[in-house]
Amino acid sequence: MTTQAPTNGSGRSPTVPALQTFVKETGGWVASQLEACTRCGICAEACHFYQATGNPEYAPVWKIELLRRAYEQRFTIGGRLRLAAGLAKPISDADLAHWSTLVYEACTMCNKCAIACPMGIQIGPLIHEVRSAMSEAGVVPPELMAAVNKQMAEGSPLGMTDSVWDSRLEWVADEWEEEIPRDVQGADTLVVFSSIEVMKFPGNVAAIAKIMNAAGEKWTVSSEAREIVNFGFYEGNEHRTVEILKRVFDGAVALGVKRIVVTECGHAYDALRWTAANLMDVPVGIEVTHIAGVLGDFVRQGRIKLKAGAFDNDGVITFHDACKIQRRGGHINEPREILKILAPNAFKEMSPNREQAICCCGGGVIAIKEADPQRYAVFQMKVDQARKVGAQTVTMTCSNCRLQFTDGVAHFGLDLKVTGLAQMVADALVE
Amino acid sequence: MNWTSFLEFTRGPLFYAALLIFIAGMVYRLVRVIALGWARDRVKSRGSKLGGAVRSLLKGFLIWPFIPWVKNTFSRSPLIYVAGGLFHLGLFVVIFLGAAHMLVWKSLLGFGWPTLPLPIVDWLAVVAIAAMIVLFINRLVHPVLKLISGPAEWLNLVFVFLPMISGYILTHHLFFRYETAYSLHMLAVDWLLIWIPLSRISHFMFYFFAKAIHGAQFGKRAVAP
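From first to last, the protein sequence lines are chains B and D.
Here my numbering is used: position 51 in the first sequence is 59, and no number is missing along the way.
Here my numbering is used: position 76 in the second sequence is 704, and no number is missing along the way.
Read the hints as simulated data drawn from the structure, not as lab findings.
Backbone N, C-alpha and C fix where the C-beta goes; we use that ideal spot for every residue, glycine too.
A few of these clues could be false.
Subject to a maximum C-alpha distance of 25 Å in a straight line, what follows is the list of computed DSS-like cross-link-like pairs (lysine-lysine) [said to hold, decoys possible]: (1) B/K32 x D/K672; (2) B/K396 x D/K699; (3) D/K774 x B/K32; (4) D/K672 x B/K97; (5) B/K254 x B/K266; (6) B/K226 x D/K672.
Have a look at the derived ranges for each label pair, beta carbon to beta carbon [as the list claims (entries may be wrong)]: (7) D/L707 x B/P381: 53 to 59 Å; (8) D/H716 x B/G421: 44 to 50 Å; (9) D/F694 x B/R395: 25 to 31 Å.
With the sequences and hints as input, model every part of the structure.
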């Protein structure tokens with residue numbers, strides 16, 4: 009870790025005011041949850057990072073320690089007294105650098121801890137507050153910061169510039185012989201892909217195009233709103249989050265669409281669907297939804313027909329719940345309904361599953377090299393779960409998870425097929 | 629001052645003073661947190677936030693280890709789970725369903741309620757005391773708990789332990805004269821009442837906030853809280 013503790017000349021750490029600002033801005037919502045914590049430690053055993061490594065510092069409660077300290081020392085009488093008496097530790101620059109590694113390299117915001125917490129504290133979102141303070145203080149891992157800056161400058165952290173976007177989409181349309189409507193004024197649906205799909209899983213782009221066309225959806229992609237990934241949100245920087253969100257909303261407004269379909273990116277869906285309206289004025293009358301939900305709707309409404317049992321003869325298939333699409337996104341049932349059609353006999357659930365599932369550890373951490381040891385350690389747990397049900401194929405609705413699975417399977421040399429649900433649906437379409 | 633008059637003091641003026649400090653302190657804590665302000669959630673829900681909050685609060689009572697959604701958490705932290713659960717169960721039964729304590733409530737509130745037979749209450753008190761000792765030792769040895777425990781956490785355990793152990797001694801007429809044991813029990817209770825607003829023992833009040841927030845967050849996304 010090369011992160012340097014910041015100094016702003018005054019010798020006073022900028023994070024103390026930063027953390028205080030976040031408590032103040034988020035108010036009772038944050039304070040009441042911090043007050044409810046009894047420090048029982050149950051959240052540790054819910055965290056895949058702790059489970060995989062046994063490092064006590066990976067306990068979720070410890071990751072929000074700075075937020076708690078800032079809150080108590082600024083907003084509670086006891087905390088102020090203790091600080092004045094020298095009994096409480098003020099937050100130092102060394103603390104900032106240290107906690108920066110904890111909140112960025114050992115958390116995927118999967119919020120499993122919130123489910124285990126006897127108080128139900130939303131520890132994930134609270135860790136996001138700590139990241140916000142880190143971002144404010146300028147203590148973000150350099151590799152992540154570089155990717156954020158790249159997205160701000162070029163529009164995409166993966167370097168999907170105008171020309172790359174053009175040639176890539178043309179190639180996908182050619183290669184898979186699928187029509188991809190571009191910048192269609194007055195279309196109903198704007199599909200915004202993540203650069204991970206466009207650059208690394210182009211088959212997924214083709215699959216979604218095929219499904220949209222088969223359903224007779226009036227859809228389009230936008231060359232303005234072409235990147236759904238939001239590294240500003242991942243970093244925890246409100247200003248940059250909003251700027252990236254604005255690009256998507258502006259593109260949608262310019263085309264006059266009725267809804268935005270987020271494809272496979274967890275942070276992006278969280279930002280656009282569940283956070284945007286609280287950070288900015290979002291355009292009225294534009295619905296935001298996820299491709300997993302759209303697939304489910306298409307099947308339920310009979311707009312696409314799937315070949316029943318199409319994947320029943322390729323060995324056991326299991327479904328990986330993406331933390332931000334399923335547990336934090338709500339699209340838990342749709343993939344299962346679809347899999348019960350595609351592979352009624354071959355589909356087997358891992359345990360735990362649904363909202364209790366453990367995260368694969370893609371979730372942003374994959375962008376930071378320093379986090380590799382813990383990332384692979386966590387992935388090993390996921391693989392063990394898949395092995396337990398004898399899975400030969402694992403499918404999912406998040407391309408970031410898919411990146412993690414593809415990378416992990418190669419890293420460990422595993423015999424496990426990794427695919428996406430949209431691709432399975434596209435392959436099983438009955439014309 | 630002899631023990632009899634000291635007892636009069638600890639169960640009289642001191643108790644009422646402590647009770648007042650407790651109530652005023654808790655009201656202050658509550659108002660302080662609420663006054664920090666609550667931003668309106670402008671995100672469109674997929675499910676019901678209210679429904680989620682209600683479910684979440686109800687689920688708070690359904691914490692038995694065999695319930696599917698509890699199993700996973702339970703099996704990973706069985707000791708904290710069982711000891712923590714039994715401690716709270718014992719504490720609530722003793723405070724609300726013990727005959728002697730019900731009479732205190734009656735004198736404060738003006739009405740009483742049926743209580744449990746002493747042997748049952750007594751056994752649960754023993755269970756709660758044993759659970760506290762287990763939790764204390766666990767906090768001493770568990771790497772995560774060692775890391776996250778400061779002086780406040782240790783003091784909380786001690787200050788809750790004292791009324792419980794002194795209450796047990798009082799009920800069983802052990803070691804001390806009745807007035808002495810009673811005085812010590814009241815002194816421990818009085819101090820605990822003053823201590824609660826200054827500490828995290830006040831979590832019982834914010835529990836309802838956190839549980840409701842949890843339910844709303846999950847309900848909003850149409851996910852079971």
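Status of each hint after checking the structure:
| no. | hint | verdict |
| --- | --- | --- |
| 1 | B/K32 x D/K672 | holds (24 Å) |
| 2 | B/K396 x D/K699 | holds (18 Å) |
| 3 | D/K774 x B/K32 | violated (30 Å) |
| 4 | D/K672 x B/K97 | violated (41 Å) |
| 5 | B/K254 x B/K266 | holds (16 Å) |
| 6 | B/K226 x D/K672 | holds (24 Å) |
| 7 | D/L707 x B/P381: 53 to 59 Å | violated (29 Å) |
| 8 | D/H716 x B/G421: 44 to 50 Å | holds (49 Å) |
| 9 | D/F694 x B/R395: 25 to 31 Å | holds (27 Å) |
Consistency note: the structure conflicts with the earlier hints numbered 3, 4, 7.
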